[in-house]
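Listed below, chain by chain, are the residues.
2 protein chains.
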Amino acid sequence: MHFSSKLIEDAVNAFASLPGIGKKTALRLVLHLLKQNTEAVEGFGKAIVAMRKDIKFCSHCHNISDHDVCAICSNKARDHETLCVVESLRDIMAIENTGQFRGLYHLLGGVISPLEGVGPDDLNIETLLGRVDKTGVKEVIMALSPTIEGDTTVFYLNKKLVPLGVKISTLARGISFGGELEYADELTLARSIAARVPYEK
Amino acid sequence: MHFSSKLIEDAVNAFASLPGIGKKTALRLVLHLLKQNTEAVEGFGKAIVAMRKDIKFCSHCHNISDHDVCAICSNKARDHETLCVVESLRDIMAIENTGQFRGLYHLLGGVISPLEGVGPDDLNIETLLGRVDKTGVKEVIMALSPTIEGDTTVFYLNKKLVPLGVKISTLARGISFGGELEYADELTLARSIAARVPYEK
Chain U
1 MHFSSKLIED
11 AVNAFASLPG
21 IGKKTALRLV
31 LHLLKQNTEA
41 VEGFGKAIVA
51 MRKDIKFCSH
61 CHNISDHDVC
71 AICSNKARDH
81 ETLCVVESLR
91 DIMAIENTGQ
101 FRGLYHLLGG
111 VISPLEGVGP
121 DDLNIETLLG
131 RVDKTGVKEV
141 IMALSPTIEG
151 DTTVFYLNKK
161 LVPLGVKIST
171 LARGISFGGE
181 LEYADELTLA
191 RSIAARVPYE
201 K
Chain G
202 MHFSSKLIED
212 AVNAFASLPG
222 IGKKTALRLV
232 LHLLKQNTEA
242 VEGFGKAIVA
252 MRKDIKFCSH
262 CHNISDHDVC
272 AICSNKARDH
282 ETLCVVESLR
292 DIMAIENTGQ
302 FRGLYHLLGG
312 VISPLEGVGP
322 DDLNIETLLG
332 RVDKTGVKEV
342 IMALSPTIEG
352 DTTVFYLNKK
362 LVPLGVKIST
372 LARGISFGGE
382 LEYADELTLA
392 RSIAARVPYE
402 K
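Heads up: the protein sequence lines correspond to chains U and G, in order.
Just so you know, the numbering used here puts 97 at position 97 of the first sequence, and the rest follows in order with no gaps.
Just so you know, the numbering used here puts 268 at position 67 of the second sequence, and the rest follows in order with no gaps.
Just so you know, these hints were derived from the structure itself, not from any lab.
Honestly, I wouldn't trust all of these hints.
What the hints assert, rightly or not - Distance windows between CB atoms, simulated:
id	chain 1	residue 1	chain 2	residue 2	range
1	G	Pro321	U	Ala40	50 to 60 Å
2	G	Thr389	U	Leu189	46 to 56 Å
3	U	Thr38	G	Glu387	41 to 51 Å
4	U	Lys24	G	Asp255	20 to 30 Å
5	U	Lys24	G	Phe356	24 to 34 Å
All values derive from a computational prediction rather than experimental measurement.
Here a beta-carbon is modelled for each residue, glycine too, at the ideal position from N, C-alpha and C.
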């Protein structure tokens with residue numbers, strides 16, 4: 001693409017470096033910003049740089065936070081006896097969006113994956129054991145992806161947590177709400193039959 | 202959406218204010234930037250703010266430029282006797298991408314549109330007449346959109362330019378290369394028959 005301006009070219013390349021944004025979309029965004037006033041564009045730039053520079057990670061659960069302890073961990077109204085172990089930030093957001101979970105989280109930062117060179121020491125497991133041991137946690141919910149790596153991690157964590165005398169549970173698996181039965185995969189369908197529950201009126 | 206961090210929320214809202222980017226995409230971009238190092242994100246922010254703050258408009262053709270005179274107008278190798286009148290920046294880029302035009306441009310900044318309150322005085326017409334009058338321009342190519350507003354603008358410019366004794370031309374109109382005849386609109390097809398050209402071997 002031809003740009004008569006190096007400034008424009010740099011800005012387009014900056015946007016185009018983001019995932020899912022090509023040169024044409026980047027140019028559209030740059031031309032949009034060019035029409036905004038300078039203060040608005042400075043605000044845009046500042047919000048993004050501040051986000052990266054000032055972001056902290058909660059010393060309890062490793063979630064991103066504006067302070068040393070995140071808004072969830074420091075919320076007295078939440079159930080501090082239940083920990084939900086998740087893989088990433090997006091999982092916390094997804095669960096928070098349901099509005100159904102009132103406990104705290106613990107962000108592992110990944111799952112055990114020997115193929116990708118991720119071992120237990122690369123994850124936030126020590127701090128999880130410390131929290132369970134010292135802060136009176138009664139239940140740990142394993143909310144990891146239903147993959148081989150996820151299951152391996154749950155297996156490993158289970159072995160470490162059992163001696164601490166804490167209740168361990170995993171997410172219920174079965175067919176989705178609103179999903180059509182014929183499109184459910186065999187494994188999920190088989191499991192949802194095996195783990196059938198009494199009908200509730 | 203639930204964000205445990207105001208910083209993240211601000212950054213997501215900044216991205217989501219861009220056209221075609223929703224909250225989910227914005228979050229994906231923010232989480233991507235969160236994984237980059239601080240310098241890279243600062244570079245991103247700076248490129249965008251600098252673009253808006255330092256951008257100039259060419260004093261000859263009104264194109265965006267890093268200097269007082271843009272790279273096209275200051276290029277001695279180009280044909281300074283031919284001016285291509287366009288509506289917007291994107292049109293200049295589109296024509297430059299063809300690599301077929303070696304003359305200079307003149308950016309009107311819009312077209313005459315009484316419905317939207319855009320009159321001749323709101324466009325860069327005075328400077329166009331000045332350039333044609335004083336810099337030895339021999340031909341003006343009208344490359345405006347084939348709309349009522351575009352045609353009105355061409356009509357108006359033609360009236361102003363004829364007394365200056367300059368050759369005036371418009372873009373050829375007809376069916377597209379690679380386009381299927383049956384999908385061409387009636388007006389274009391009718392015109393391309395009326396304006397048929399001798400077959401060249």
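Here's how the hints hold up against the structure:
1. One distance hint, 50 to 60 Å for the beta-carbon pair Pro321/G and Ala40/U, is violated here, with the actual separation near 30 Å.
2. Between Thr389/G and Leu189/U the C-beta distance comes to about 55 Å, which sits within the given range of 46 to 56 Å.
3. Restraint check, Thr38/U to Glu387/G: a C-beta distance of roughly 47 Å satisfies the suggested window 41 to 51 Å.
4. Between Lys24/U and Asp255/G the C-beta distance comes to about 24 Å, which sits within the given range of 20 to 30 Å.
5. Roughly 33 Å separates the CB atoms of Lys24/U and Phe356/G, a value that falls within the hinted 24 to 34 Å.
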